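With the hints as extra help, turn the sequences into a complete structure.
Here are the chains, one letter per residue:
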Amino acid sequence: MTDLTRRFMLKATGAIGASLVSAGACVAAATAQESDASSSGAVRAAPNAQLTTYLFLNSDEAAFVEAAVARLIPEDDQWPGALTAGVPNYIDKQLAGAWGVGERLYRSGPWRPGTPAQGYQLPFTPAELFRTSIDAINKELAQAGTPFSTMSSEQQDAYLARLETGGKDLGGVPSNVFFEHLWECTIEGFFSDPVYGGNRDMVAWRMIGFPGAYASYYDLVDQHGIKINRAPMSIGEGPHGGMHLNPDIPAKLP
Amino acid sequence: MRANTPSLNHKAVSMTAGIGILCVVSAAAQPAIQQPNLARGAIIAAQGVAGRAPACAQCHAYNGASDGSGAFPRIAGQSAYYLAKELRDYASGLRANAVMAPIAKALSADDAADVAAYYASIKAPYLPLSSADPVLISRGKQLARIGDAAKELQSCNNCHGPGGVGELPAIPYLAGQYEHYIAFQLTMWQRGFRNNSPDAMADIAKRLDAHDIAAVAAYYQQVDASVLAATQPTK
Amino acid sequence: MAQRLKHVDVVTIGVGLTGSLTALELARAGLKVVGLERGAPRFTVPDFQSPAIHDELRFSIRKAMMQDNVKEAVTFRNSSDETALPIRRWASFLPGTGLGGSFVHWNGQTFRFQAADFIYKSHIEQRYGKKILDPDLTIQDWGVTYGELEPHYDRFEYLLGTSGKAGNIKGAIQPGGNPLEAPRAREYPTPPMKEPYFGALFRKGAESLGYHPYPQPSSNLSQPYTNPEGLALQQCVFCGFCERYACEHYAKASPQTVILPVLLKNPNYELRTNSQVLRINLDSTGKKATGVTYADSTGREFEQPADLVLLTAFPLNNVRMLLLSGIGTPYDPKTGKGVVGRNYTYQTTGGATVFMDESINVNPFMASGANGTMIDDFSGDNFDHARLGFIGGQYIGAIMTGGRPIEFHPTPEGTPRWGLKWKQAVARNYNHAVLVQQHGTSTASRLNYLSLDPTYRDAWGLPLLRMTFDFPENDIRMSQYIADKVVEIGRAMGAKSVTRGGTKRPYNTTVYQSTHNCGGAVMGDDPKTSVVNRYLQCWDVPNVFSIGGSAFPQNGTYNYTGTIGALTYWALDAIKNQYLKAPGPLVHA
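Residue numbers (our numbering), protein chains in the order written: chain A, 1 to 254; chain B, 1 to 235; chain C, 1 to 589.
One thing to keep in mind: the hints can contain errors.
Derived CB-CB ranges, DEER-like [said to hold, decoys possible]:
#, chain 1, residue 1, chain 2, residue 2, range
1, A, P110, C, M1, 41 to 51 Å
2, C, R505, B, N196, 53 to 63 Å
3, C, R505, A, A142, 35 to 45 Å
Just so you have them, the derived chain B footprint on chain C, three or more residues with Cβ under 8 Å [as the list claims (entries may be wrong)]:
#, stretch
4, 32-46
5, 159-168
6, 230-241
Calculated directly from the structure, the hints in this document are not laboratory data. Values in this document were obtained by computation on a predicted structure and should not be read as measured data. All C-beta atoms, glycine included, are put in the ideal place defined by N, C-alpha and C.
What follows is the structure, encoded as structure tokens:
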């Protein structure tokens with residue numbers, strides 16, 4: 001267990017998104033939940049971590065992503081989830097970077113819809129795919145008067161399940177294609193090395209007991225069943241612990 | 001790379017883990033988990049075991065920092081698993097040492113576990129030591145972090161962790177270990193006199209020449225100090 | 001206009017496993033050899049050091065060591081009545097690039113094929129009669145026997161330092177090894193790897209059912225080893241970052257660790273990296289190669305004249321190069337005529353996840369690429385197929401190669417795919433699950449083949465390779481039969497639950513299965529059904545040899561690196577002792 005889990009509690013109902021809007025944007029007006037949060041100190045979905053500075057996602061897109069990943073890998077009182085792990089930050093940085101603009105993606109036409117066995121055949125780069133899909137989702141839900149981040153958890157789950165099943169067109173992106181991208185990115189953001197901006201404080205690795213990037217096990221591999229309790233180690237690890245993603249941000253907030 | 005040492009101290013966290021709730025669980029049954037007794041370990045360290053073993057503190061100091069000469073390794077904050085294993089190896093003769101062998105033989109398995117856990121739990125200061133030639137340290141840093149292609153030598157930190165902090169539970173730290181001691185152990189592996197580690201260390205030591213050995217030893221002794229110096233705020 | 005360079009004796013297309021082995025032998029024989037590698041140079045120090053190399057996102061997920069689809073992809077369709085579309089991102093198979101090729105980021109699993117594999121058609125027909133074969137199957141004999149290859153397998157294993165335990169030395173069964181293996185002349189160069197917990201659990205389960213578990217042969221070495229080239233490999237530390245990664249410890253056999261330092265010092269050898277070969281040039285008769293044309297990293301084209309051209313690229317790229325160069329008649333599935341691209345095969349894989357009790361800490365992250373415990377009781381033709389209605393088989397084994405969490409986070413059947421219950425199931429099961437693989441034969445079919453795509457091109461404007469493939473029904477039946485055996489073993493291991501594997505049609509390129517793509521330039525005795533003769537020499541252009549997995553008429557049970565190494569030494573033998581003395585066709589059909 002880390003400090004994070006002790007300090008963190010999630011209210012079972014209610015959205016989280018409002019308190020995590022990008023640093024550059026206006027903080028949303030206090031809601032009932034936020035004032036609960038300040039009194040109980042409980043509902044802050046990303047304690048012990050700086051607010052995310054979004055490079056790619058605008059505030060509406062970020063609000064969707066935060067709320068969606070919070071349902072895909074929710075918090076509970078045992079282990080943090082995607083929000084605490086910084087998955088929205090991971091996704092944002094991937095979309096803003098080389099992968100987002102289509103590195104390693106064969107991008108020539110002609111474009112034909114293929115069979116499932118032929119895989120992805122759309123012209124969208126990941127960045128285009130996310131933007132197109134999320135903007136379509138946000139537009140549809142705004143028109144219905146139910147932005148995703150204001151729905152209840154049950155409603156959000158149901159909506160995500162409908163995206164997953166497919167059959168809905170999101171500005172040209174089949175909803176199941178978008179869902180698979182979002183889910184895959186969420187897994188990556190949860191489990192990848194913290195140098196990529198997710199898996200903050202290696203919470204996901206702590207959850208499963210994965211020791212991380214420094215890995216030398218000759219003496220232990222034949223000790224069948226041994227329980228390894230060491231704190232995981234990241235690529236970005238320094239000798240005194242902590243991450244060095246941005247040296248000006250202390251490893252632990254006061 | 002700058003780090004903030006006070007709070008999320010990896011070493012503190014890892015030491016806690018290193019004390020170690022390490023148990024070999026068989027597929028068939030769940031044996032009772034033995035937790036080492038730190039208080040008892042502290043007594044063994046301070047007083048030895050009457051009639052059998054002298055106090056560890058006589059050579060290693062009560063805080064495990066030894067005397068800095070390198071004749072006795074720094075063991076403060078070292079992996080408990082590793083310390084206990086070395087004691088077992090001294091006792092069995094797998095690791096040859098005339099001083100440690102009778103001491104290790106005199107300790108029971110519980111004694112060894114307790115005193116290892118005690119020293120693993122200590123966070124001792126780094127003694128002020130004269131620093132070596134910067135050219136030597138620079139070569140050591142290269143070997144520690146990158147390796148040497150011409151000698152087909154990978155970086156030490158692959159196994160010994162970032163900055164040489166070790167990889168719990170089995171791989172000891174080198175960061176802050178004494179230059180003389182590191183050099184001595186590498187030479188022992190090189191010459192075949194130390195045999196209690198996997199083939200890895202003997203093979204690696206044979207790829208090092210005397211200058212390389214002096215270099216990594218000098219680097220690791222001071223690695224903590226240099227990292228600390230680099231973390232001082234410039235403003 | 002390509003700039004014409006000074007003539008050399010030999011040019012190799014690709015500097016991976018086959019490219020480096022062939023180059024050293026021929027350079028030592030006094031020939032001037034140029035190796036053209038399309039990728040960049042890279043070496044253990046500094047390029048493969050950890051922690052940077054232990055980056056699952058970069059290497060496993062983004063596939064940093066693989067061919068860049070932006071530049072060069074492959075198109076795919078399940079059958080000829082579909083339109084092939086580009087594989088826009090690799091998934092099912094991962095062709096590598098860079099100095100050393102896939103021999104850098106492989107898993108080190110080093111097998112020999114069975115004796116029957118090399119005379120597969122004769123063997124099957126003799127044992128079961130022709131009726132057991134589905135009408136579309138086009139299995140063939142190789143034109144070379146296991147006995148002829150044995151000394152070359154031995155030589156390859158000793159170059160790598162492969163760790164294992166012999167099970168059959170010259171007919172005498174050895175305890176601790178695989179009693180069902182083809183006979184070998186002597187022990188492995190180094191002892192088997194330590195057995196991890198998952199292997200021990202499998203061993204007990206398999207033994208309880210009367211099977212014969214053995215340690216997987218591994219070229220991630222169990223102990224330090226100096227090979228015949230004087231290169232010293234180190235001991236594998238079970239870091240769990242093997243396939244798709246390079247080894248930081250000099251412990252995994254790769255060109256960098258077993259041969260390149262010697263090759264690069266040979267004055268007769270010149271390595272040119274970032275050199276993309278565009279075609280093999282032929283003279284006006286079309287029966288003699290004059291050399292190759294390649295583009296350097298700036299895109300400038302060069303003509304490299306050579307007397308002998310060795311195609312030593314990844315199997316798919318060997319076939320593509322033959323097609324792009326107009327060597328041999330391309331296969332036409334409608335008429336059944338032609339040979340280049342014919343008999344493309346793959347590997348039939350699958351597996352089960354065996355969920356154990358939570359008291360059992362599997363620690364999957366402590367693993368090497370080849371430290372499995374496995375059985376050959378259902379491999380190849382090791383069991384009687386007379387009443388089963390299919391041919392071929394699979395090995396079964398607990399072969400875990402790491403616990404890297406983006407790729408590995410198993411949950412039992414019935415667990416929701418995401419959400420809180422999913423997360424809780426991951427946390428509960430991660431360290432208590434064993435993967436048991438089934439891995440085996442891929443039977444050749446007249447329907448599966450390689451050709452050039454009519455529409456899609458690479459960054460140099462050349463047609464992409466088109467793959468037309470689905471698993472033959474025979475292989476599906478085989479895989480489903482063995483899937484039941486896997487579940488039985490899982491239960492015998494004391495599992496709480498076992499998911500069931502088994503391959504289904506259609507073959508889907510979006511899920512990783514194997515990078516053992518074979519065939520398309522197969523070897524044989526008959527130019528009507530093979531592209532190269534038994535020495536891997538092109539029937540149509542005798543000064544071109546096509547060396548690699550492309551030569552396999554069909555794929556056997558096992559990972560193919562060991563057999564590719566053996567075939568390479570076998571072909572080299574013929575080149576040195578026959579071809580160089582009298583250049584020309586070595587076999588007159």
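Hint check:
1. A/P110 - C/M1: 41 to 51 Å: 32 Å, violated
2. C/R505 - B/N196: 53 to 63 Å: 55 Å, holds
3. C/R505 - A/A142: 35 to 45 Å: 44 Å, holds
4. 32-46: holds (count 4)
5. 159-168: Violated, because only 0 residues of the stretch 159-168 of chain C bring their Cβ atoms closer than 8 Å to Cβ atoms of chain B.
6. 230-241: That given contact holds, which follows from 5 residues of the stretch 230-241 of chain C lying within Cβ reach (below 8 Å) of chain B.
Violation of the numbered hints given earlier is confined to hints 1, 5; the remaining hints are satisfied by the structure.
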